[in-house]
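Colleague: As they're listed, the protein sequences go chains U and G.
As numbered in this note's numbering, residues 1 to 128 make up the first sequence, in order.
As numbered in this note's numbering, residues 1 to 170 make up the second sequence, in order.
Since the hints were derived computationally from the structure, they do not count as laboratory data.
You may find that some hints are simply not true.
List time: in silico DSS-like cross-link candidates among lysine-lysine, alpha-carbon distance up to 30 Å [as the list claims (entries may be wrong)]: (1) G:138 / U:51; (2) G:138 / U:54; (3) G:21 / G:138.
Here chain G is said to cover these stretches of chain U; the calculated rule only asks that three of the stretch's residues, wherever they fall, bring their Cβ under 8 Å from a Cβ of chain G [as the list claims (entries may be wrong)]: (4) 12-18; (5) 88-95; (6) 101-109.
Cβ atoms here follow ideal geometry from the backbone N, Cα and C, with glycine treated the same way.
Spelled out from the first residue to the last, the chains are:
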Amino acid sequence: MKHNASTRLDATFLALADPTRRAILARLATGEASVTELAEPFSISQPAISKHLKVLERAGLISVGQDAQRRPRRLEGTPLAEATAWLEQHRAAWEANFQRLDGLLEEMQRASPAARRGRQQTARQKRR
Amino acid sequence: MQTTLDRAEVTQPSDREVQVKRSFKAPQTLVYRAYTEPTLVQRWLLGPPGWSMPVCEMDVRVGGRYRWRWRNNENGAEFGFSGTFREVQPPSRLVHTEAYDPGTVGDDFPKNDAIVTVTFAAGGDRTTVTTLVDFGSKQARDAAVATGMTDGMEESYQLLDRLLAEQPRA
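With the sequences and hints as input, model every part of the structure.
Modeller: Now the structure itself:
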């Protein structure tokens, strides 16, 4: 279970690490597109685009639509949401610590007035 | 001019690293102290709600060791981190190794040491702290990611709910 989650996230982050692949995802966010259409804005070959698409597909970030002729690619939201959720979860855990640190720093600044340690006045005290 | 971040920003600069950035409304020397004096560290580096930090030993000099341990107040479960300081440059930079001590929680976390670089940058009346954790390999980072994803999920979501309730969105 953990390994699945890990492998999935690994593939997602790997896929997102490349600027061309991020640009492809941004394009697909506006609607599905064929490989030819996707290759248009880039100065790289269609095989190179196909390679990027394979990475995105393996990560589950895109899928191939019904139309057998055009084989349009479209964006799949779930892995992206998982990657975002992980970052957000870590952010929240750190943020809880940092908010405690905010409080501690404020207390330290109140407790060490310039008079006692000859320390330079803090912005907080100046405002008072 | 440095951008200030009033909320923690978490990014992945490469496939083996995680970076956390946050600004504090305090002078650089004070923030550095809060990161390096054990009695101060113990007051804020607590992790998920319901956990305390009974062990916080830090010999902050090059080659000095540190040992952090957290305990779940309800079921007594413990885990920790320990390592060695590699660079100590008050009040702007700290580099230390970080080995996970699974305690009674589980050992899915990577076995190899991570390298943690903490920089304290002064700017105006704020200090921006950047913590870069280099897990050494993609596999190690992903293992850490997977542990965080499954073990801490519910606690973190509760924490997130509370944070969101407390803080009106900017």
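Colleague: Please go over all the hints and tell whether each is borne out by the structure.
Modeller: Do the hints match the structure? See the list:
{"no.": "1", "hint": "G:138 / U:51", "verdict": "holds, 21 Å"}
{"no.": "2", "hint": "G:138 / U:54", "verdict": "holds, 20 Å"}
{"no.": "3", "hint": "G:21 / G:138", "verdict": "holds, 21 Å"}
{"no.": "4", "hint": "12-18", "verdict": "holds (count 3)"}
{"no.": "5", "hint": "88-95", "verdict": "holds (count 8)"}
{"no.": "6", "hint": "101-109", "verdict": "holds (count 8)"}
No hint from the list above goes unmet by this structure.
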